[in-house]
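Peer 1: Just need the whole structure built from these sequences, with the hints factored in.
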Amino acid sequence: MSFSIKKEGDIVVVDVEGQLIVGNRQELKQKVLDELERGEKKFLIDFAQTGYIDSSGLGVLVSLSKKIREQGGELRLANLNDDLKTLFELTKLDTLFQISDTRDRALSSF
Amino acid sequence: MVASPLSPPPEDAGLRVSLEVEIPSDCAYIERVVDLVRHSVSELSYNPRQLALNVPVALTEALSNAILRGNHEDPHKRVRIRADVDERRLVLEIADEGVKFDIDAKTRDATDPENLEREDGRGLFLMRALMDHVERFDVAPGAPEGNVVRLTLTRA
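Same order as they appear, the protein sequences are chains A and B. Going by our numbering, the residue at position 62 of the first sequence is 62; the numbering climbs one at a time, nothing skipped. Counting the second sequence from 1 gives a position; our numbering is that position plus 1000.
If you are wondering where the hints come from, they were derived from the structure by calculation, not from laboratory data. Virtual Cβ for every residue (Gly too), placed ideally from N, Cα, C. Some hints here could point you the wrong way.
Here chain B is said to cover these stretches of chain A; the calculated rule only asks that three of the stretch's residues, wherever they fall, bring their Cβ under 8 Å from a Cβ of chain B [unchecked claim]:
| hint | region |
| --- | --- |
| 1 | 40-53 |
| 2 | 58-69 |
| 3 | 92-99 |
Rough simulated footprint, nothing fancy, chain A against chain B, three-plus residues with beta-carbon under 8 Å [stated by the list, open to error]:
| hint | region |
| --- | --- |
| 4 | 1047-1054 |
| 5 | 1114-1120 |
Peer 2: Dropping the structure here:
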């Protein structure tokens, strides 16, 4: 499992490879918060290569979204497979995030 | 409530896999346990969604609760996992050495608007949404501490 960060224009894109769970959520949180501290405002997390997410992983996404909004920025999500979509629907977090089917659509939505 | 022995599988249950795993109270072990259990479940042709979503997420929740809230990551305490899988149903038991808790009182409705933006509190809710049954037992009769959380899922 790993997180890679790259810039697409003025958007910070984070790829989540493997699981986003209790054992690695702090690593994702810290990487995004570091970018936020550098003044970045637009964040996209891409789940194309993600296995599963647990409640801690969902919690980190909620927490990051709040912190980014507080700084006048925005966090969007892309490429949730059907199982991950179900997870967001079960917890109603699909109502909290703007979720795009593809990375390109997400990038052009900012 | 005290942990009762698992009911014997039906005579026509066919192939049956049992697995016992013990880990330290360290979240770094969670993925390896999930992989071990998922491998056993995959041998019995469970639905792809159950393999990719229900089993790994519910088991991860139960393990992280046992490690973090039950054993408080105490290196002297262990978490024991028992998996019993046949062609009809999967039963997982996760045992910790922590203070007893009331599973109903601890389950919070994660979809309540008041809870939607909370960082924590979705674990038991997700376990119950993804499994057919979620129960909590005492580890042994009269034991002052220790919880067994039993997750049951019927093969789809």
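Peer 1: For a quick check of understanding: which of the numbered hints are violated here, in increasing order?
Peer 2: Going through the list in order, the structure violates no hint and respects every one.
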